[in-house]
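**Q** Below are the chains, spelled out letter by letter.
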Amino acid sequence: MSKRLLLIRTIVVLTAVLGVNYVAWRWLHSVHWAAWWIAVPLVIAETYSLIDSLLFGLAMWRLKERDDPPPAPPDRTVDVFIATYNEPIELVMATARAAQAIRYPHETWILDDGNRPEMRAAAEEAGIGWITRSADWANMPRHAKAGNLNNALLQTEGEFLLILDADQVPLPEILDRTLGFFEDEQMALVQTPQWFVNVPDDDPLGSQAPLFYGPIQQGKDGWNAAFFCGSNAVIRREALMQLGVSRYAGEVEVGVQRALKTAGTVIAEAREQLDPDDERVIRALDQIEYDLGRAKRELARGVALFDVTYKFQKRVAAIRRDLVEADLTALQADLAVIAELEEMTGEPGSGLATLNPVALEQMAQRDWSPLGAVETVQALVEAVDVDRAGEAQPIMPLATISVTEDMATCMRLHGLGWKSAYHDEVLAHGLAPEDLPTMLTQRLRWAQGTVQVMFRENPLVQRRLTWAQRLMYFGTMWSYLSGFAAIVYIAAPVAYLTMGILPVQALSTDFFVRLVPFLIINQLLFFVVAAGRPTWRGQQYSLALFPVWIKSFTSAFGNVFLGRDLDFAVTRKTGALDEGPRWDLIKPQLIAMAALTAGVVVGLVRLAVGQAAAFGTLFNIVWVVFDLAIFSVIIRAALYRGFNPGVSPETPHGGASS
Amino acid sequence: MIEIDVFRRPDGVAVVVPQGRLNMVAARQMKDLLAILLEEGSSRIVVDLDRTTFLDSSGLGALIGGLKGARQAGGDLRIARPTPEVLTVFQLTNMDKVLRPRDDVESAFDA
Numbered sequence: 001m002s003k004r005l006l007l008i009r010t011i012v013v014l015t016a017v018l019g020v021n022y023v024a025w026r027w028l029h030s031v032h033w034a035a036w037w038i039a040v041p042l043v044i045a046e047t048y049s050l051i052d053s054l055l056f057g058l059a060m061w062r063l064k065e066r067d068d069p070p071p072a073p074p075d076r077t078v079d080v081f082i083a084t085y086n087e088p089i090e091l092v093m094a095t096a097r098a099a100q101a102i103r104y105p106h107e108t109w110i111l112d113d114g115n116r117p118e119m120r121a122a123a124e125e126a127g128i129g130w131i132t133r134s135a136d137w138a139n140m141p142r143h144a145k146a147g148n149l150n151n152a153l154l155q156t157e158g159e160f161l162l163i164l165d166a167d168q169v170p171l172p173e174i175l176d177r178t179l180g181f182f183e184d185e186q187m188a189l190v191q192t193p194q195w196f197v198n199v200p201d202d203d204p205l206g207s208q209a210p211l212f213y214g215p216i217q218q219g220k221d222g223w224n225a226a227f228f229c230g231s232n233a234v235i236r237r238e239a240l241m242q243l244g245v246s247r248y249a250g251e252v253e254v255g256v257q258r259a260l261k262t263a264g265t266v267i268a269e270a271r272e273q274l275d276p277d278d279e280r281v282i283r284a285l286d287q288i289e290y291d292l293g294r295a296k297r298e299l300a301r302g303v304a305l306f307d308v309t310y311k312f313q314k315r316v317a318a319i320r321r322d323l324v325e326a327d328l329t330a331l332q333a334d335l336a337v338i339a340e341l342e343e344m345t346g347e348p349g350s351g352l353a354t355l356n357p358v359a360l361e362q363m364a365q366r367d368w369s370p371l372g373a374v375e376t377v378q379a380l381v382e383a384v385d386v387d388r389a390g391e392a393q394p395i396m397p398l399a400t401i402s403v404t405e406d407m408a409t410c411m412r413l414h415g416l417g418w419k420s421a422y423h424d425e426v427l428a429h430g431l432a433p434e435d436l437p438t439m440l441t442q443r444l445r446w447a448q449g450t451v452q453v454m455f456r457e458n459p460l461v462q463r464r465l466t467w468a469q470r471l472m473y474f475g476t477m478w479s480y481l482s483g484f485a486a487i488v489y490i491a492a493p494v495a496y497l498t499m500g501i502l503p504v505q506a507l508s509t510d511f512f513v514r515l516v517p518f519l520i521i522n523q524l525l526f527f528v529v530a531a532g533r534p535t536w537r538g539q540q541y542s543l544a545l546f547p548v549w550i551k552s553f554t555s556a557f558g559n560v561f562l563g564r565d566l567d568f569a570v571t572r573k574t575g576a577l578d579e580g581p582r583w584d585l586i587k588p589q590l591i592a593m594a595a596l597t598a599g600v601v602v603g604l605v606r607l608a609v610g611q612a613a614a615f616g617t618l619f620n621i622v623w624v625v626f627d628l629a630i631f632s633v634i635i636r637a638a639l640y641r642g643f644n645p646g647v648s649p650e651t652p653h654g655g656a657s658s
Numbered sequence: 001m002i003e004i005d006v007f008r009r010p011d012g013v014a015v016v017v018p019q020g021r022l023n024m025v026a027a028r029q030m031k032d033l034l035a036i037l038l039e040e041g042s043s044r045i046v047v048d049l050d051r052t053t054f055l056d057s058s059g060l061g062a063l064i065g066g067l068k069g070a071r072q073a074g075g076d077l078r079i080a081r082p083t084p085e086v087l088t089v090f091q092l093t094n095m096d097k098v099l100r101p102r103d104d105v106e107s108a109f110d111a
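If you're matching them up, the sequences are chains F and X in order. Number 658 marks the last residue of the first sequence (this note's numbering); no jumps. Number 111 marks the last residue of the second sequence (this note's numbering); no jumps.
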């Protein structure tokens with residue numbers, strides 16, 4: 001073990017011991033229950049922060065600083081994908097030309113989701129491949145970038161894929177520096193940092209993520225959980241395709257089971273409304289019910305799914321043919337519903353397995369004409385059968401359950417037993433948002449995507465992941481809950497300064513002797529882990545963007561559980577950039593800062609008139625000053641007028657230059 | 001380039017015999033071939049894997065694409081005689097649970 005890792009582990013243990021000691025004492029001996037409305041939220045927020053810190057410590061425990069990559073083997077085939085939707089042609093072409101100039105032999109493709117003739121012309125002129133959605137995607141859910149990549153996967157054939165966003169300009173050595181890792185046959189993915197050239201040294205928008213693209217990814221890497229971050233990553237095609245095929249097999253199975261179950265209900269309903277004299281129809285329903293039962297039994301026995309559905313469909317089709325004359329009038333009304341059923345399976349964002357059980361239930365409750373029932377049973381089984389109606393392609397390797405396809409895809413790859421690696425060398429130069437509104441939208445998207453994955457495929461219950469992998473994924477999701485904790489950390493000092501209400505029983509020696517060492521060791525951990533990388537900006541933004549984090553939870557909750565659009569209640573970007581600072585977008589932060597400042601004023605007045613204790617007031621003022629220092633970054637962000645190219649950016653962290 | 005033989009049995013079933021490596025390089029050729037068969041009206045297809053030395057997930061994906069088309073046309077796609085190595089790919093992806101390989105080509109469409 002290196003000296004550095006030994007030091008880190010020592011500090012991690014100390015952090016855990018001191019943190020647990022402090023928070024346990026808080027719960028058991030120091031909660032001021034009489035002021036429960038602030039005391040309980042505070043102790044919960046502190047517990048939240050402790051867990052956050054423990055999860056961080058767990059990642060750091062196995063910090064993996066990989067050596068130089070093994071040399072890239074010759075003769076591998078590589079496709080370089082540049083995903084674009086509406087970025088300016090020149091920007092895409094700059095990236096594409098740099099991609100063309102990558103030294104390792106490869107083919108370059110522009111994945112133009114905007115299907116723009118001028119993009120195509122520019123690509124062709126430069127001798128670069130141009131791919132847009134195939135005809136299969138007409139009237140199908142498009143699944144944004146995940147769909148764009150899934151489409152391109154089936155139109156290319158390289159063993160490896162380098163994925164680039166349109167504004168990530170690759171360096172010529174990017175493949176030479178990453179392909180070597182794939183000599184390990186289990187390696188599915190190598191992620192490299194995202195680093196931005198259009199960011200001044202003081203990074204007012206917090207665009208660089210030196211702690212994430214560094215120790216955090218290296219820590220996850222130690223547990224074989226390095227994340228895929230959507231760009232600047234190389235992926236093994238076989239891993240993605242295997243994921244796509246196995247997801248397909250799994251979802252078809254779940255979908256057919258569910259459809260057969262509903263089919264039984266549909267028949268029972270139809271039977272109830274049958275005219276007892278209509279023997280022909282009764283016989284038909286009997287037959288279908290018999291076949292349905294047999295299909296279910298065969299599935300339970302382990303007969304291959306496609307054999308069961310094939311036989312069942314043929315039987316139902318035959319019965320239906322016999323019955324066609326039996327009832328023509330009532331059929332008309334049912335046809336509309338059947339069409340509706342087919343539409344339902346095409347609902348965007350839903351795989352087969354997520355076919356809405358409530359909607360299926362409603363289908364079953366409807367009044368059916370007998371022939372209609374037969375038709376519906378058949379439609380149901382067809383809708384969830386092998387052809388995966390409602391999706392453009394049966395095979396969808398990149399996950400479509402989230403607006404950020406990368407994290408979910410990576411988690412599923414780990415679930416299949418594949419490995420990932422994080423290589424800490426800047427191999428692409430990106431462009432970051434240069435104004436507050438764009439930055440806020442981008443952060444909201446990332447947070448929403450992460451929370452969507454947590455709600456839809458909670459890593460804690462993914463049985464095929466190791467426990468450490470589950471915690472690595474969960475840790476990232478957990479960190480987005482900081483928005484709720486931030487509110488408490490603002491309210492607590494304000495409550496004391498304005499009303500004299502103390503959420504702890506006393507600001508005693510007992511309190512400080514437990515809290516202060518924990519805070520210090522926690523900061524020391526950051527300091528040692530960062531090894532000179534700036535961390536303050538990141539710490540600021542993790543609290544200062546609290547309204548964004550909260551909104552990501554509420555909107556993702558509405559999307560996953562209430563079926564709302566993700567943009568429900570999201571502030572739209574309005575007006576041009578030159579309108580001046582967008583104070584309206586950071587109103588919650590401004591209100592928080594005003595409350596904190598007012599707290600200090602009131603606290604000082606209360607102290608002057610003898611209503612408050614000097615020590616308590618001083619302690620809370622220090623707390624407020626810390627809060628204000630955190631929040632000050634958002635003012636700078638609002639005032640930021642974009643990057644001035646006259647100032648050259650700092651040397652990228654890590655990599656060849658270090 | 002992989003070599004893929006195709007012949008039609010008197011009962012109308014099309015038999016497709018990929019010889020060699022059915023991998024990511026050959027997947028598109030396979031996909032296109034199956035699409036042509038379907039266009040020509042052969043919706044019952046048997047893919048004989050006896051002489052397929054290697055299959056990867058892309059190749060399997062091409063077969064699934066053909067299966068989708070065959071089912072939509074009212075027919076089916078069956079696979080027959082995979083080697084143990086090729087069968088492993090089915091097992092890795094759980095495809096063996098949904099698509100049962102047949103022991104021989106002649107009876108692939110029986111029962």
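Treat the hints as calculated values from the structure; they're not laboratory data. Please note that a few of the clues may not be correct.
Stated by the list, open to error - Capping the alpha-carbon separation at 27 Å, the derived lysine-lysine pairs in DSSO-like fashion look like this:
1. F:LYS587 to X:LYS31
2. F:LYS296 to F:LYS261
3. F:LYS3 to F:LYS64
4. F:LYS296 to X:LYS97
5. X:LYS97 to F:LYS587
6. X:LYS31 to X:LYS97
7. F:LYS261 to F:LYS311
8. F:LYS314 to F:LYS296
9. F:LYS311 to F:LYS296
10. F:LYS261 to F:LYS314
11. X:LYS31 to F:LYS296
12. F:LYS261 to X:LYS31
13. F:LYS551 to F:LYS587
14. X:LYS97 to F:LYS311
**Q** Can you list which hints this structure breaks, lowest number first?
**A** The structure breaks hints 1, 5, 11, 12; every other hint is satisfied.
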